[in-house]
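Just so you know, the sequences run in chain order A and B. Each step along the first sequence adds one to the number in the working numbering, with nothing skipped, and position 245 is 249. Each step along the second sequence adds one to the number in the working numbering, with nothing skipped, and position 25 is 29.
Calculated from the structure, these hints are not laboratory results. Quick caveat: nothing in here was measured; it's all calculated off a predicted structure. Among the clues, some could well be false.
Which copy is meant is left open, so a pair is good if it fits within one copy or across any two.
Stated by the list, open to error - In silico EDC-like pairs for lysine to aspartate or glutamate, Cα to Cα no more than 20 Å straight-line: (1) K135 <-> D201; (2) K6 <-> E226; (3) K135 <-> E223; (4) K6 <-> E89; (5) K17 <-> D63.
There are 2 protein chains.
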Amino acid sequence: MKALIVYAHPEPKSLNGSLKDLAVSTLERAGHEVRVSDLYAMNWKAAVDAADFGTGAADRLRVARDSGRAFDTGALTPDVRAEQEKLLWADMIVFQFPLWWYTMPAILKGWVDRVFTYHFAYGVGEHSDTKYGERFGEGTLAGRKALLSVTVGGPESHYSARGINGPIDDVLFPIQHGILYYPGIEVLPPFVLYGTDRTTAEDYPDVAKAWEQRLLTLESTEPIAFRRQNFGDYEIPSLHLKEGREPAGRSGFGLHVRG
Amino acid sequence: MKALIVYAHPEPKSLNGSLKDLAVSTLERAGHEVRVSDLYAMNWKAAVDAADFGTGAADRLRVARDSGRAFDTGALTPDVRAEQEKLLWADMIVFQFPLWWYTMPAILKGWVDRVFTYHFAYGVGEHSDTKYGERFGEGTLAGRKALLSVTVGGPESHYSARGINGPIDDVLFPIQHGILYYPGIEVLPPFVLYGTDRTTAEDYPDVAKAWEQRLLTLESTEPIAFRRQNFGDYEIPSLHLKEGREPAGRSGFGLHVRG
Chain A
5 MKALIVYAHP
15 EPKSLNGSLK
25 DLAVSTLERA
35 GHEVRVSDLY
45 AMNWKAAVDA
55 ADFGTGAADR
65 LRVARDSGRA
75 FDTGALTPDV
85 RAEQEKLLWA
95 DMIVFQFPLW
105 WYTMPAILKG
115 WVDRVFTYHF
125 AYGVGEHSDT
135 KYGERFGEGT
145 LAGRKALLSV
155 TVGGPESHYS
165 ARGINGPIDD
175 VLFPIQHGIL
185 YYPGIEVLPP
195 FVLYGTDRTT
205 AEDYPDVAKA
215 WEQRLLTLES
225 TEPIAFRRQN
235 FGDYEIPSLH
245 LKEGREPAGR
255 SGFGLHVRG
Chain B
5 MKALIVYAHP
15 EPKSLNGSLK
25 DLAVSTLERA
35 GHEVRVSDLY
45 AMNWKAAVDA
55 ADFGTGAADR
65 LRVARDSGRA
75 FDTGALTPDV
85 RAEQEKLLWA
95 DMIVFQFPLW
105 WYTMPAILKG
115 WVDRVFTYHF
125 AYGVGEHSDT
135 KYGERFGEGT
145 LAGRKALLSV
155 TVGGPESHYS
165 ARGINGPIDD
175 VLFPIQHGIL
185 YYPGIEVLPP
195 FVLYGTDRTT
205 AEDYPDVAKA
215 WEQRLLTLES
225 TEPIAFRRQN
235 FGDYEIPSLH
245 LKEGREPAGR
255 SGFGLHVRG
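Model the full assembly from the supplied sequences, consistent with the hints where possible.
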């Protein structure tokens, strides 16, 4: 397996840093090839702007058009091209980050915003009566799997079905379905550590053991059963889920998971 | 009314830029005071790191602790302090941004990550048997209102109840509830423009009219009825919504809206 770890935390000695290091050593010891994108160490540029698109950028920047043109002509900046190449190289992508304000840190969002360009991650494939582009189950990154490894300050109960933050599956849906599944990546159930504002050195051995176990079983873990877009579940082009496809009583984001 | 507009788009001539300019002129013409945080023009630093917390940052960075300490001692960087002051000055905060990968652009997330520090936006208030800090309806920014003005590339049907992206209310919940309502801001229903990948100059007059109308009725618009945390709807400290509080059949994020 070829594993890319995309890691976003400013402190190497943090829990996130330890989990990243453990992922590297565990996967390498198991015989896998590992590459790491340590976004803070790379001083990753987070904000999309005209400088991302080389000489192809026109007087008036249009992010989708100009990123697609730069992708097509090889004019994207070297940092972005390197990340796209890593994504194409990888079979498995592990994202290690703290949940800040219910989503990823800005530096990681900036990795998505800049690397997931038009014609690479979106704007791929034809539109027809039976197909609305290649996305949600198809796309440039099909054949790859990803896993979110997330540390969460608050307790698990706050992220349960009736918890005030909403169910963790819903909190992560815009990332897991909207960012990862969109360009074709299958998404494994996340590894979530709760209450990490109160995690101590004494808790770490148990945490490490659980994480190693997840890492060593990545290849046999079933992905989340998101519905594929172009294979009969949705009306085209409204992309409404057809009536009656879901289990009774299911609604919201959960509609887009089978069974 | 004192209105702060937080704006995140790299292109001044974009639809987002036009909507921001229109918000300034419309609100000023109506007699309101307006300030703008134009994050791209400010070259806003998106990534939280130790440099944000001055000399208070220890050898090992802990983001919550160190941001709280820097807030308490006035050691936050001037850019962050200026934004906190603007938030305290404002009655109304308008966020103007494109929906990129189902959430805000990285530069705006970086504004949240850096400005919403511990002891300012979270870690506020006491914990007791009846109170879990001051948040979700209470907090430093209570008494203020906010509105998201969002441009969305895809069509509205994709964001409807059965649409493949999930309902727009759920897509925006982590921002509206998780980021804005958390420190006490009341959130008005969003102004969402769909299909903006295909919006042309000919469409703009109608768009502008609708936006002006929203801007001129901000003060009389009812906020989203998110449930307050410490006023009987939730068990403390699990923060589970008490059984039977919701309309039959409602689940997920929607549980946390009354009525």
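Evaluated hints:
1. K135 <-> D201: Between copies only: 19 Å across, 45 Å inside.
2. K6 <-> E226: within (18 Å within a copy, 52 Å between copies)
3. K135 <-> E223: neither (30 Å within a copy, 44 Å between copies)
4. K6 <-> E89: Within one copy, since 13 Å is at most 20 Å while 48 Å is not.
5. K17 <-> D63: between (44 Å within a copy, 10 Å between copies)
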